[in-house]
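If you want the building blocks of each chain, they are given just below.
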Amino acid sequence: MSERDKNIENAICDDAGLSKSEAAYIKDCLNAYTAPGLPEGSTANLAAAIGQHMDELYNVPHRRVSIGDILSAVAAQIRFYNAYIWIAALVILLAGAVWTYNTGTASVNIMVAMVPWLGSTLTLYAMYQRRGVWGELERISTVSSEVAVMGRWVIAIGLDAAAALAATLLSVGMGWESSFAALTLSWLIPLLVSAALSLAVTLRFGISAALIASIAVWSVQLAAGQRLKAFYLIAPPGDSYWAASRWVGLVLAAALTAWACFMLRRADREDTPSCE
Amino acid sequence: MDLNDEQLAAAASRGDKAAMEVLIYRYHNSIYRYIYRLTASESSAQDLAQETFLHAIQALHDGKPPRSFRPWLYTIASNLCRDMWRSGRYLHEEACDISDMDVPCDNDGAIVDLLERQQLRRRVIEAVTSLPMDVRQPVVLHFYEDMKVKDIAAVMDIPEGTVKSRLHRAYKLLKGRLSNDEGSAGDERA
Chain F
18 MSERDKNIEN AICDDAGLSK SEAAYIKDCL NAYTAPGLPE GSTANLAAAI
68 GQHMDELYNV PHRRVSIGDI LSAVAAQIRF YNAYIWIAAL VILLAGAVWT
118 YNTGTASVNI MVAMVPWLGS TLTLYAMYQR RGVWGELERI STVSSEVAVM
168 GRWVIAIGLD AAAALAATLL SVGMGWESSF AALTLSWLIP LLVSAALSLA
218 VTLRFGISAA LIASIAVWSV QLAAGQRLKA FYLIAPPGDS YWAASRWVGL
268 VLAAALTAWA CFMLRRADRE DTPSCE
Chain E
2 MDLNDEQLAA AASRGDKAAM EVLIYRYHNS IYRYIYRLTA SESSAQDLAQ
52 ETFLHAIQAL HDGKPPRSFR PWLYTIASNL CRDMWRSGRY LHEEACDISD
102 MDVPCDNDGA IVDLLERQQL RRRVIEAVTS LPMDVRQPVV LHFYEDMKVK
152 DIAAVMDIPE GTVKSRLHRA YKLLKGRLSN DEGSAGDERA
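Quick note, the sequences are listed as chains F and E, same order. Sequential numbering from 18 applies to the first sequence in the numbering used here. Sequential numbering from 2 applies to the second sequence in the numbering used here.
If you're looking for bench data, these hints aren't it; they were derived computationally from the structure. Watch out, some of these pointers could steer you wrong.
To be verified - Dumping the calculated DSS-like pairs for lysine-lysine here, alpha-carbon to alpha-carbon at most 25 Å:
#	chain 1	residue 1	chain 2	residue 2
1	F	K44	E	K149
2	E	K173	F	K44
3	E	K149	E	K165
4	F	K23	E	K149
5	E	K173	F	K246
6	F	K23	E	K151
7	F	K37	E	K176
8	F	K37	E	K18
9	E	K173	F	K23
Stated by the list, open to error - Coverage of chain E stretches by chain F, computed from C-beta distances (three or more under 8 Å per stretch; other residues unrestricted):
#	stretch
10	25 to 36
11	164 to 170
Beta carbons are placed, not taken as given, at the ideal position from N, Cα and C, and that holds for glycine.
Pulled out of the complex, with its shape left as it was, chain F reads as follows (with noise of 0.2 Å):
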């Protein structure tokens, strides 16, 4: 008996808690599944055609980076997300920023109101399977599946936190009553429990159930407002439980993410199909 033969033999003994007869079976058996050899010549084929695609790449003269490939990245990261997504983040802010011009206070109720939507959305979009540069990007690199939704998740938080961060600063800047804080939090939070909950059912049940049910606990938020106390997520700053709804989504939202990973590692496991 080989070397190697001996080694993989021990290791199903000890992997598998087989006995050696057993073991040196289960060897056998799968020392039968032969893979049948490489056309002849497809290595120096291969080698040949890898060596011109390296003289493509590697002969393109190297330049410095001008404004122009920032703007060009900048583009690209914005066409990221469809058209749609940013018009409708461009409505909630204007609405947001009419709404406390005319009202006159930094009422933040009405663009809270509208995050889990754009939230949603944006969660659903980062799930959408797509090609092109980011399908290339997460192939090519050593992440797992369940690594790149994630990663596309954070992005979509990320980007709308960038709105938040944008809708804050235009309100400050304005000089309306508001707190920086606030108003930051008052639209990440939603987003953050409406995003969570989104991914986590989009993966448990698809897409459909997941915007019935963004649609279904932002409209009992809405609907029910103030009965709900601390569970009231969307709370104005104004409000005596503002702080605890804040802490309440943020645990909701932790739990809803960590539900969502268990469920992508355990999708990622069931989608690889078999032969049977």
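Since the structure of chain F is provided, determine the placement of chain E on it from the hints.
Relative to the frame of chain F, chain E by itself:
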């Protein structure tokens, strides 16, 4: 003096074609066999093995060379397989190409012996390809590619403990399936 994989990858990332060629000669066949045993399709294995190296050189060009080349290359191949399954492309391929052609046969071997070996090969392919992918992948890497648990963990991006538990599950499942098959094959013969 032979350069190791990582040194060659570093040279390839700087545009050294000879270094890349050595890596291709070192790994083309093993990557092809790995993909074949995951997909059970010869044509998919050939295509995806080529794609693996295209992605590898693109990644070497765009970023830093990997700290450990072999697991990194197998990760690219695994991701391409996963991508193929997700795209549904495998549905149009010969997904379970269980041919009898590859059993080595010496001229002195009896026909009965050859047939038995072909039958065994078919049973093993069916048993391996019927394993869920999360346990099929570690067993292919462990048994056929002689990969250590640490490297399998790096390829699959899971903890070493999880690799061990999946290997345990895989060999148990294989034992159950192959033992049952042997029983039913014996019954058929009787």
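We went through each hint and held it up to the structure:
1. The suggested pairing of F/K44 with E/K149 holds, with an alpha-carbon distance near 17 Å, which does not exceed 25 Å.
2. A C-alpha spacing of about 13 Å is found between E/K173 and F/K44, which places the hinted pair at or below 25 Å, so the restraint holds.
3. A C-alpha spacing of about 10 Å is found between E/K149 and E/K165, which places the hinted pair at or below 25 Å, so the restraint holds.
4. For the proposed pair F/K23 and E/K149, the alpha carbon gap of about 15 Å is at most 25 Å, so the pair holds.
5. In summary, the hint linking E/K173 to F/K246 is not supported, as the alpha carbons are separated by about 53 Å, beyond the 25 Å threshold.
6. As the CA atoms of F/K23 and E/K151 are separated by approximately 20 Å, the hinted pair is consistent with the 25 Å bound.
7. Under the criterion of a C-alpha separation no larger than 25 Å, the hint pairing F/K37 with E/K176 is consistent with the structure, at around 13 Å.
8. For the hint pairing F/K37 with E/K18, the CA-to-CA distance comes to about 47 Å; that exceeds 25 Å, so the pair is violated.
9. Among the hinted pairs, E/K173 with F/K23 is consistent with the structure: their alpha-carbon atoms are about 19 Å apart, no more than 25 Å.
10. Check result for the stretch 25 to 36 of chain E against chain F: holds, 6 residues qualifying (beta carbon to beta carbon below 8 Å, three or more required).
11. Counting residues of the stretch 164 to 170 of chain E whose beta-carbon sits less than 8 Å from any beta-carbon of chain F gives 3, enough to reach three: the coverage restraint holds.
Hint check: violations occur at hints 5 and 8; the rest are consistent with the structure.
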